[in-house]
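Could you build all of it, start to finish, from the sequences and the hints given here?
Protein chains: 6
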Amino acid sequence: MKPVDLTLLREHLLAAIREDAGSGDVTSRSTLDADATAVAGYVTKQDLIVSGIRIVEELARLCDTGLEFRALRIDGDAVTGNTLLAEVRGSAHSILTLERISLNFLQRLSGIATATAEYVARVTGTAARIVDTRKTAPGLRLLDKYAVRCGGGMNHRVGLFDGVLIKNNHLVFHPSVADAVRTARQRLGHLARIEVEVTNQLELDDAIAGGADVIMLDNYTPDETRRAVLSVAGRVPLESSGGITLENVREYAEAGVDYVSVGALTHSVTGADIHLQVRPD
Amino acid sequence: MKPVDLTLLREHLLAAIREDAGSGDVTSRSTLDADATAVAGYVTKQDLIVSGIRIVEELARLCDTGLEFRALRIDGDAVTGNTLLAEVRGSAHSILTLERISLNFLQRLSGIATATAEYVARVTGTAARIVDTRKTAPGLRLLDKYAVRCGGGMNHRVGLFDGVLIKNNHLVFHPSVADAVRTARQRLGHLARIEVEVTNQLELDDAIAGGADVIMLDNYTPDETRRAVLSVAGRVPLESSGGITLENVREYAEAGVDYVSVGALTHSVTGADIHLQVRPD
Amino acid sequence: MKPVDLTLLREHLLAAIREDAGSGDVTSRSTLDADATAVAGYVTKQDLIVSGIRIVEELARLCDTGLEFRALRIDGDAVTGNTLLAEVRGSAHSILTLERISLNFLQRLSGIATATAEYVARVTGTAARIVDTRKTAPGLRLLDKYAVRCGGGMNHRVGLFDGVLIKNNHLVFHPSVADAVRTARQRLGHLARIEVEVTNQLELDDAIAGGADVIMLDNYTPDETRRAVLSVAGRVPLESSGGITLENVREYAEAGVDYVSVGALTHSVTGADIHLQVRPD
Amino acid sequence: MKPVDLTLLREHLLAAIREDAGSGDVTSRSTLDADATAVAGYVTKQDLIVSGIRIVEELARLCDTGLEFRALRIDGDAVTGNTLLAEVRGSAHSILTLERISLNFLQRLSGIATATAEYVARVTGTAARIVDTRKTAPGLRLLDKYAVRCGGGMNHRVGLFDGVLIKNNHLVFHPSVADAVRTARQRLGHLARIEVEVTNQLELDDAIAGGADVIMLDNYTPDETRRAVLSVAGRVPLESSGGITLENVREYAEAGVDYVSVGALTHSVTGADIHLQVRPD
Amino acid sequence: MKPVDLTLLREHLLAAIREDAGSGDVTSRSTLDADATAVAGYVTKQDLIVSGIRIVEELARLCDTGLEFRALRIDGDAVTGNTLLAEVRGSAHSILTLERISLNFLQRLSGIATATAEYVARVTGTAARIVDTRKTAPGLRLLDKYAVRCGGGMNHRVGLFDGVLIKNNHLVFHPSVADAVRTARQRLGHLARIEVEVTNQLELDDAIAGGADVIMLDNYTPDETRRAVLSVAGRVPLESSGGITLENVREYAEAGVDYVSVGALTHSVTGADIHLQVRPD
Amino acid sequence: MKPVDLTLLREHLLAAIREDAGSGDVTSRSTLDADATAVAGYVTKQDLIVSGIRIVEELARLCDTGLEFRALRIDGDAVTGNTLLAEVRGSAHSILTLERISLNFLQRLSGIATATAEYVARVTGTAARIVDTRKTAPGLRLLDKYAVRCGGGMNHRVGLFDGVLIKNNHLVFHPSVADAVRTARQRLGHLARIEVEVTNQLELDDAIAGGADVIMLDNYTPDETRRAVLSVAGRVPLESSGGITLENVREYAEAGVDYVSVGALTHSVTGADIHLQVRPD
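Residue numbers (our numbering), protein chains in the order written: chain A, 47 to 327; chain B, 47 to 327; chain C, 47 to 327; chain D, 47 to 327; chain E, 47 to 327; chain F, 47 to 327.
Take these hints with a grain of salt, some might be off.
Any copy will do: because identical chains look the same in the list, a pair fits if it lies in one copy or spans two.
Capping the alpha-carbon separation at 30 Å, the derived lysine-lysine pairs in DSS-like fashion look like this [to be verified]:
id: 1; residue 1: K91; residue 2: K213
id: 2; residue 1: K48; residue 2: K213
id: 3; residue 1: K181; residue 2: K213
id: 4; residue 1: K48; residue 2: K181
id: 5; residue 1: K91; residue 2: K181
Rather than coming from a laboratory, the hints here were simulated on the basis of the structure.
Here it is as structure tokens:
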């Protein structure tokens, strides 16, 4: 997260604070003395890859510029359970208001990073790279994709605006895959690569004939994938997509594709187990 | 979703469109003729509880007021795989831009509703109700909680502002649970109920002595829960929380608590399998 | 005002600055040298309860981070006329642009706090507490309610979202008050108390039968209030509402109700008399 | 209110809805059936000048485009108590959510218009016009000033950006009033008139010598005002300001000034008594 | 402009309206009767390529949904002076408020489209395409680039996010152009092409050795460009950039480059001459 | 640029950053090491009047609070080519992301200031002042007008809200110019001057008869202008408008008008030639 990226996220972080804190944290207001101070630690309860520490720091700053935040780990670190990731010190009220807001970010992002790292580990030694998709939680695209990078994954396009991926729902408007690719090529700028999704050998051949830059093998079995890799023989990079799980990801990677994209990385996240431990200071 | 609720969500829906469509959908712009029209159907690939149809309708309207949207199912419906949930007709470009944006909402919300319904089914016949938490994806609180209702669950407080829940991190600032509850009572308005989280019998007794309105049993085993229910003997409602899974939820319900809250409903969502099938029109 | 509350108000404060300063303060730009500096004091012209000093400080910071702000009194202080509340030092242009913007907040909030304190003083020695309503200036709800607290009053619910109050306009959809209360109870979460507004003894009895948690006596005379208090005999808290003035508030309080809500606290505010005295520095 | 003015106010109206409705109207949600419909009337409980009907119409449209709104009176109308101003028909839930939000606008604006009309009536037959100030509720400047026009008053400048008014706090940076006026004249565009506030005869003479276009007599008594009018002898328009009440406003007007500005019109508003009567439909 | 693109521009269009109309159009308010209606025509005073008609339509709708807008020409049309481009009918006040706001868009965009078409015409018959840059007016990037397309030009990347262009200011951090290209390649996703800016033959050879996908010849003379084209011999596409004018653009095109980028298209715009003719209706 | 003016511009500056940086600067991310630092200088390539340094400083701060910015020249300075205007030091990534965003502001504003200064120089020794118009780039009104001031020009009204200018499109709704002026006068506040646009002697005489405060001579030749000046004989200030160029501006000024307004200052801007030179630090 570069500073300018955090600037661009500020509105989103403020929205998250507003969503939870709304008209005020009535529990903290009614149970804490106005001048109570605390020290609090973000502590892991499982092994994980850290992602979101910089976001938590920014959230703390937005909630209360008087809070002192100290990161002990950085995004991308692999840590074991019971690790202190960061400490925050200052107004007890501010820290308790911040608790769930910050954990919701930290647990989701670390969950994504950790899952990504598992997929990456499974394909070690192959040439395949683990890639994400646009199946992210609405509003969290940039953060979800940042977490994938923290886990060692590679980002596919961010949105509809920064990459061309012709899918079946576009192909139905064209007589052939090749026609779709050629039509797009004429209308696109000179920095665009064209990826096209295919579902069988005929379309695959057609995509290459049309001049596709990257080809996505949609819902191929590992066997079909192997045959496709052989037939393409390195002419264009290949990406496996659809139905990839931790169990079968290595089969796809060993089939020889260049990329394996995994929607579950972001559409079916398991939040990492991280707590905030607070004590009076 | 009442109309005014959709009004309040509009900014969030626009942000989701902006996030994905950004400076323009370059694939649709380069592969589709400007005046191409299409008809498209949202189709399930699994059994599920529907949630998010109204959101998809609103997204379609925001993307292009010329799109005709027709809902065939409503939020809360239980449907089987291969069911047509809704149809949209109009500009092919608009429909393809809308595809992933709308599916990301629909898959997440239906995933939450479906998981909730499974928990609810497990406790059938007991007096316990399934309750959500604030462990939601940042920015999606209201929608995540709406999906829980679609699945038959009950909402806990929406945020820090509309309910009092004194947790361990507040209790460390007080000599006793009873002191925390009494302090809060004095400072709160007359419409507030006070829930307090306890971890053992001493705290439980103390909470009742202090006048808590609801007590949350934090990380109790089913056995401990049963003993707690007996000891409280109906004086205040009880809520089980922490470590609840599909496997053990019935045990907690049968232990006699009034509420069982399940963080996984929203912090570890599995997106439901729903596709958009497009054809030229 | 906690730091996070100020964060959530920032957009509103900026809107107030934008509203007045718009495309620029042409008077200051044309009459002051660019490098002129000033020192200015917020001075009371009447006895009052201070409210809004923290807001003025935040406004000063937003207008010009170079301004030095020094608070001499804090929100909630009772002061006499001719008291210096705060001092600001720095660019003369910035201070003069800030003048009316900040006074509009400070005068309104101190006006509300002062009026609230008068009502509170009138009921001294009784068990009744002075409560506000949602009859606030649009956009100023949180600040108006903060000012009520500064004056010693208690806040009723902040908005439609954090408290249940069944009024006559809801009751017309139900065969009885009891039915309305019971219907609501079934659909509500476990942290909600239900208050219901009644206008006669029949409804009052019905409300208690239905299980209302708090009852609002709408437009009762003091005599009717006394009879209601007797009949309820402490079973639920009672709130007087409608037609309350400084002249009759004690009568209601002495009738034995727990709360007296006063719409005029915020819907008919008299701005407190406070000036800004500026001199070159 | 021109359509484009309403466009510019939309964000403010949405903010007011968000402020009250927040995460949802829990009372309406729990007491009304989802498909309940209602008809509701805005009814006066006192004589008043109407202001805000167009705003209520816009709020209704923002809350729920399905609501039918029918205005029976227009802004600026003088009506007696028990007059039906407007009717709205549609979803009961939407109408009840809208109730307080819309009344808060309508009561404040009609309160301002009504008070303005009283001041205007007091100066009937004189040449003086009643003028407002910038002492408005933060965020409501344009609406407060619109209400003044509905009541027959005239608007002073809207903000710091559209009129020059040199006040005492500017004058302290200049050796003389004339110097301040001349300095400003040199730096200002050709469409600016310069008004300057004076507190005695010396400053008044100096202001005229400096070429002021309008002179504000600050906190003059009626007698002092009369003498000032005589001494100025029509060379520039004069405005009385400070300490004006319903009781003394005619004295100032009869003293011969052109304008009398009244801060209380907007800084100390008494909300007009208007109710919403709802019945099932 | 697709509907969803207009949705994403709405905030910007509203900001433009707010910027000009601010607290109200005092001239129209004071000179026009409230119910005056008008018909107005957007008429060209010169030959031009139209761009912005859809934007004017959207502005009209935002200002006043009661306005009837009828486009007689569409974006991209080449028209002569004295052509009626569009007509708007409705409230005179709304039309006059809209006048300058809409003309500022229409004149700028048509100015850009017209200038682009002139460059495109100059390179007719060559293989070179005219390309824009990121040197646009802040806030108008998408519209400026849309106007370039209306004029027959091709868009370079929209922003820093959707294309890789390694410029001299990046190269200074690398020992060689090849190193920069290779470093980027490793870190980029599979849909990115890499363009690199070179200033001499050495860098050009190095860029090709490093595997650049596109090469920008920065501030080459036409002669140097010819030599570069020969040396590259079609291995990668080439883009001329820097110092291109209407006078020399054909020389560059004939030198054999694939693209010629022209910053002046958007950084030094001459507004097209278009008027609004209004008459009472 | 006063601090409060920068506060009011912040949203616009953030929008400009968001527009270019979007989902991230992929070139800098892929070519620069995360901890690379740089020093960079804004250097002129032509003689110019500086405008925008304060804006660049604010942009730098918004992009990355860790950047050190040092201005060597201030807005309004006349400098020659090859002058270092400002230096920025810090994260190489931040500086390169900032490059084009900041140059787009600096080049436009300095371009406007420089052009304005040329017009001002041409009328040296006459009584005429160079004035701008509302023909600015949408969204940049305040900055464009600030640049005009930096170049020695005078601002006409900022928008429709802070000055009255009755143009031909208003006059068509009135039987005479005098009628339009008189109607406006009755409805306007006491700080408004009325300017009216005339196209011939008849309208000019009528405008004076109606009491116009300023008269704009629309599309007069220099000869016609001279005759108009003689006929008016100093009764009201005159402004020439329409068809003014660097070549003929002195003729208009010498004809004796008080103001000459030049739309081209802002509607047809030539960006000044300024570069950012970056080196590793």
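* In rising order, the numbers of the hints this structure does not comply with -> Of the numbered hints, all hold.
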